Structures are given as C-alpha cells and as structure tokens.
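Asker: Heads up: the protein sequence lines correspond to chains A and B, in order.
The first sequence begins at 1 in our numbering and counts up by one.
The second sequence begins at 1 in our numbering and counts up by one.
The hints are simulated quantities; they were obtained by calculation from the structure and are not laboratory data.
Given the structure is predicted, the values throughout are model-derived calculations rather than measurements.
Relax, there's no trap hidden among the hints.
Derived pair list, reagent style SDA-like, types lysine to any residue, alpha-carbon separation capped at 20 Å:
| no. | chain 1 | residue 1 | chain 2 | residue 2 |
| --- | --- | --- | --- | --- |
| 1 | B | Lys223 | A | Ser151 |
| 2 | B | Lys155 | A | Ile195 |
| 3 | A | Lys135 | A | Thr123 |
| 4 | A | Lys197 | B | Val145 |
| 5 | A | Lys327 | B | Val248 |
| 6 | B | Lys32 | A | Gln280 |
| 7 | A | Lys191 | B | Val145 |
| 8 | A | Lys135 | B | Ile26 |
| 9 | A | Lys327 | B | Glu249 |
| 10 | B | Lys100 | A | Leu113 |
| 11 | B | Lys237 | A | Ser276 |
| 12 | B | Lys16 | A | Ala300 |
| 13 | A | Lys17 | B | Glu163 |
| 14 | B | Lys252 | A | Gln316 |
| 15 | A | Lys193 | B | Gly165 |
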Amino acid sequence: MANEVWVIAEQRDGKLKKVSFEILSCARKIADKLKVQLGAILLGDKVECLANVLGYYGTDKVFLCDSEILKNYSNEGYSQVIADFVKEHKPKILLGPSTAMGKDLLPRVAAKLGTGLASDCITLDIDSNGNLLLKRPIYAGKVIVDVFIDSSPQMASIRPNVLVMASPDESRRTEIIKSEVRISTEGIRAKVKEIVKSAGEKVDLTEAKVIVSGGRAMKGSENFKILEELACSFGEGATVGASRAAVDSGFAPHDMQVGQTGKVVNPEVYIACGISGAIQHLAGMQTSKCIIAINKDPEAPIFQKANYGIVGDLFQIVPLLAQEIKKTKAGN
Amino acid sequence: MNIVVCLKQVPDTETKIQINQGKDGISEEGVKFVINPYDEYAIEESLRIKEKFGGEVTILCLGPERVTESIRTALAMGADKAVHLCDPAFEKLDSYSTAKALSMALKNIPFDIILTGKQGVDYDNSQVFSVLAEILNIPQVSVVVGLEISDDKTKAIAKREIEAGGIEIVETSLPVIIAAQKGLNEPRYASLPGIMKAKKKEIKNLTLSDLGIPVDELRNKIKLINFGFPPPREAGKIIQGEAIEVAVELAKILHQEEKII
Ligand SMILES: Cc1cc2nc3c(=O)[nH]c(=O)nc-3n(C[C@H](O)[C@H](O)[C@H](O)COP(=O)(O)OP(=O)(O)OC[C@H]3O[C@@H](n4cnc5c(N)ncnc54)[C@H](O)[C@@H]3O)c2cc1C
Ligand SMILES: Nc1ncnc2c1ncn2[C@@H]1O[C@H](COP(=O)(O)O)[C@@H](O)[C@H]1O
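Next comes chain A alone, as it looks inside the complex (with noise of 0.2 Å):
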C-alpha cells in the first residue's frame, strides 16, 4: 500500500486542469518504474464524474473527498484534507501543478507533512533508489538546478505546458476512494466569498501556447487589439501578453506582465513586438520553443535570442501576418 506515486489533480468550475494530465502521464511512468500504483487526489464539489477521467490517463486509484466545503479553493481546507489523506496512506511521492492554486496550496502541505517541496519543477523522473530526479529554474530562468529532496513524502511541483500528455485511454478504470470531510467551515479562515473572471475566457499565459506580447512601442491600450488579432488567428491556446514597459504604461493589466517579476512562460511560439529584450523579460520567456521578434531597431537585444527576426515596424507586419496565417489555416 505505502509508496504510492501521487498526483493532486487540479480541477476548477469541475473542469480538470491540462497541467494534471501532464503530470499524471508523467507520474504513470514512474509508478511503473517503481512497480507501485498511481493514486490522485480529486477535491471539490460534486465533482466525483472526474475521477474516471483520471483513469484514462493512468490513475489507479482516486481519493476524493466531495463536499460543499470544498466548492471554491481555500487553502485551509484544502490542505488540510490532503495531508490527512496523505498522513493515512503514506504515499512516497505527492506531486502536483505548479499553477495559482498549486503555488499557495502545496508548500502548506508540505508544511503540514514537515516536508520539503521542490517548486516549479521542469523535469520529473527517477533513480534506481527511487529518488525524484528534477531540475527546476531559478532566478527566473537565468540558472537550472538540480534538486534533491531530503525528506519524505517526496514533493514537488511542476510547471504546467512541459511535460508531455499521454492520449488518454478511455477504456482503462480506476478505483475511487472517498472520504468525509473533516473539517467545518468554521475551520477555514480565509474563505473565498467571489471569483471575479476577467472578461472574455482568456488562456492563462503561463498554460498558453502561443503568446503575442507587446512592448512600449504599442503606444497605447487600444493598439493591443492587432495583437489580440493576430494571437485569435492563431486559433484555441493563444494569448497576449505584454512587457514592463507597457503594463507601467497602462496600455495592459498586470497581469499580463511576462519577466522576471512577472509571468514566466514557455509557450510554443513567443512573439515579441516592440519589446527590446532586457534581462528581466528575456528571463521570463527564454524558454519558450520558437521566439519571433519584430522590432524596427536591427541591435534589439531580443533578436540575439530570437528564432525568427523581422526588422520592420510591427504596425505594418502584425495585421499582415495575422491575415496570412488565416489564410495558411484556411488552405489546410
């Protein structure tokens, strides 16, 4: 029974997160390394009719704990029920998403188990003693490290979008395993009273995989829209974002800050536009798979880590090639 591989699945508004299956595919393949099962745990409310889709992507067996208690994330409550999961099966490994809810959620966990958490891993296998093999980036980036963990359960956390997701198999079952909760909403402090969505369903950017982010040289909110275009062209997944320069300008929210204090990403395709490359965006976004650059001045910094360079002004080129991309897609 004891050392179990363990995922937290993360699910919101009953809708599993990509990053879970990653994480699950992933973690099926250590459990078979370590010839143990795969367990994940499922909280939330009314969500039991996700737990088979655990399965399809290698969960044996799936601790659910399904109560209204549970309905919006509290750190409190959360945290909680997983650490008494945790305490009465003893897995060996707990891994989970390194996303906002995984970011406040896992490290009171693994302070409640007193154990350590590697964060924001960006690899995830293991040895032949069975130790978690991970390399995770820090000073946003400009260093990967590998990291050891000296404690038990072993935890870490994983970037969501670099793991590779298994198909799922539709075929394949898992055991559910429930569990009251036992804590009242009393119990719980800090309680969510609303989530306020932003307008429209945006990709977050840290999941997306093509993001168009734009510089000062955007000179305005309003001009934002022929990014917005040109990432829509680009179908399901894409997203914009924006540099310092621009969110302290007011052209776009904070939120949409890519860099060393902002957002670090790795999309498929990053394409930058007016933005120059200083060291803390470059530390946010280096690891993207294929960067695009348009920037009018041939000595940007940003085109000595660019894949594809345009010199031109993005004014011209952005609506252009949104309008050929269209028709590239439309012609398959």
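Using the hints provided, position chain B with the ligands relative to the given structure of chain A.
Answerer: Just chain B with the ligands now, kept in the frame of chain A:
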C-alpha cells in the same frame, strides 16, 4: 496594529548571474543586492495600514551582514524597527528552515498582520509565507493585489490574483499572512529625513542561540546542486523584405517548419 514585514535581500534583477566554483550557489562577487521587489509592496502596504490604524511596523529579516543595508532602506521608508536574524547557521537555509527560524523570532514579536512578498526573485520558491502560516497556525492569502482591513481590525478582505486574469475575493480573520503581488500599491521612496531618522532606529540582532532552536531542526530538506546555465539560445534567422513578403514567409515557416499552424 502590530504589523510585521518579512524582508528578503536578493540580487538586483539586472544581475548577470555567475555560478560559484562548487556549483552549489551563485558567485556574490560584484552582485548588487536589493530588497526583493515584491517585499517593497509589502513594506508600502504596512506603512499604509499604520497610517490608517496607527501601530508599529517591524521588519523581520534573515540573512547575512549585508542585509543591514536593505533593512535600513525599509526603516528609511518608514518602518519603526527591525529584527535581523544573523548567524552562520542561517546561511543557505531552505524555505522550510527559513520559515521555522522566522517563526521562532515571532514568538517575541506581537503581530496582527504579517506581510511578505509573493516570491523571492532569487530562488523563486514562493514558499516561506505558506510554511510560516502553517507553523503559526494562521490563515494566509497570497498573490494579493488589494487589501482592506475592517474598521474593528478583526477581519480583512484581500484580492488574490489567480489564473487568466481572474481575482479571488477572500475574507479572512486576523492575524493573517498576506503575500504581496505587484499591483497592490506603488512603493514610496525613502525621503531624506526618513534616511536620517532610520540611522537611529533599532535593529535587533538575533543568533541561533537567541532563538533557542536546536541546529538540527534547521537541517535543510531541499538541496540544490549542479548549478548550470540553460542551453544558450542562438540568434536565428533574420527574415528580410517588404512587410507583406515577410508576413508570407513567416506564415510559411510557422506552417511547414514549426508546424504550429
Ligand atoms: C526590478 C525590475 C523588474 C523588472 N521586471 C520586468 C519584467 O518582469 N518584465 C519586463 O518586461 N520588464 C521588466 N523590467 C523592465 C526592463 O528592465 C525593461 O525596462 C522593459 O522590459 C522594457 O520594455 P520594452 O521592451 O517594452 O520597452 P523598451 O526597452 O523601450 O523597448 C521598446 C522597443 O520597441 C521598439 N520599437 C519602437 N517602435 C517600434 C515599432 N513601430 N515597430 C517595432 N518595434 C518598435 C524599439 O526599437 C525598442 O527596442 C524590470 C525592471 C526592474 C528594475
Ligand atoms: N530570509 C528571509 N527573511 C525574511 N523574509 C523572507 C526570507 N526569505 C523569504 N522571506 C519572505 O517570504 C517571501 C517569499 O519568499 P520565497 O519563499 O523565498 O520565495 C519573500 O518575499 C519574503 O517576504
């Protein structure tokens, strides 16, 4: 209100990081150390709370000798006093042990609210506030972009940034730990009189033995080794021509080579 701000000193974000000989840390030579940018929002918020409710702001900082300069800056911004945890045994502590040491110091510092940054921009851990909240058995709200404390000082409403531009509105009882995100406020600069006054403010130094923690309780659970640089990105291809030619060419590359469209 008794307000505590946890302050961490980090290399300036401008720094080009160099790795040390043992590959188990960075070389500090020539590095400019500053207040962690997110902690500046925490300091500013503490001053605003004090201006509204009265009380005292204490800076709590664990780090080597050099952090005194950052502590002085925080005092010059308007904080009242500081506690500096300084001991060779505190060097290179992981998040858990750091929080443990901070929690021991907090046994002798009264607090209604503890403010921290949402992340240290050195190791990017985002852990100390959560571990501290757990050890102190108080609630936490992280990545906070708005904070309103009730007039009777028993509750607070915090706006917490979540994914995709969403905001969670969280109601919490006090005492609480709040981890600040950019957007919470605009940090002030230290004024000249502030800098003068800061020189006279008290910085209390505490060592391991002052805290009374057995040293093995600070044994790191997380070890970072093999410091290295990410594979360098080579400058790629410059696509030249008229705007329309460039757009056609790039669309073709994205389709045929990058296979993204
Ligand atoms: C503590 C700290 C933290 C920071 N954190 C971040 C961070 O997280 N993220 C971040 O981005 N920055 C950060 N910065 C700021 C960073 O140092 C730069 O100031 C910022 O990234 C510059 O933004 P920019 O490239 O948009 O503007 P600029 O550097 O002004 O560059 C604008 C570029 O647009 C080009 N341009 C102008 N017009 C056109 C046109 N019509 N078509 C095409 N190109 C055009 C110009 O040639 C120029 O290269 C931080 C700074 C500090 C001190
Ligand atoms: N050594 C330290 N001394 C005081 N506060 C710290 C220290 N390390 C971290 N903190 C606080 O915890 C926050 C998060 O840091 P970290 O968990 O290291 O990313 C920082 O913004 C600080 O407010």
